[in-house]
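The whole structure should be built from the sequences, with the hints applied where relevant.
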Amino acid sequence: DAKTTQPNSMESNEEEPVHLPCNHSTISGTDYIHWYRQLPSQGPEYVIHGLTSNVNNRMASLAIAEDRKSSTLILHRATLRDAAVYYCILPQYNNNDMRFGAGTRLTVKP
Amino acid sequence: ETGVTQTPRHLVMGMTNKKSLKCEQHLGHNAMYWYKQSAKKPLELMFVYNFKEQTENNSVPSRFSPECPNSSHLFLHLHTLQPEDSALYLCASSQLSEKLFFGSGTQLSVL
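Note that the protein sequences, when read in sequence, are chains L and X. Take the first sequence: its letter number 52 is residue 52 in this note's numbering, and every next letter is one higher. Plus 1000 on top of the position in the second sequence (first one is 1) and you've got this note's numbering.
There are no misleading hints in this set.
Distance windows between CB atoms, simulated:
id, chain 1, residue 1, chain 2, residue 2, range
1, L, 69, X, 1015, 45 to 51 Å
2, X, 1082, L, 56, 43 to 49 Å
3, L, 19, X, 1044, 25 to 31 Å
Calculated from the structure, these hints are not laboratory results. Yeah, the Cβ is synthetic: ideal placement off N, Cα and C, and Gly gets one too.
The following block contains the structure:
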């Protein structure tokens, strides 16, 4: 099974960039990399996804290593509302296997 | 608002009760999921339905019984639960294996 590894927790200061890493050394050529975040008392919400190229959207940027064995979610200017648990997952398309790991708990300090 | 609605938001039940959690989506998605999230623990995938057919059952005890009558509705029937089953139960849907849309969850307390 493709698995991901993330740091348990990270801290950031408000209005500074945040780089959240994810290792997925067993990724296969067809696995997409998805990122979600879970705000307190809510269900997870989709942030961004990519396959090979770096991706940008209004929430974040995703930088994917050339060998695809790691990726980084970039929040360009962290706000207090970005405090959440961030999950990196590799959905398995053949069986709808959408498993989550422990994620990274991001704390944003004012 | 994600388009995935779960009811009830909160549920307290005794160990001998029978209750059901409901999930509804009108996003046209073909896959629906149940996840369990215990306090301070990661999300655990419980069940997956693809086009109303169960495709994944991750060794979930039989006291949890899912039902998917159509692509828009998913139920989780609960009976003779244990206190350790107290958790946040989250429903999600997706189109094939594209991005997941989660509901707000049902916070379940088993007394």
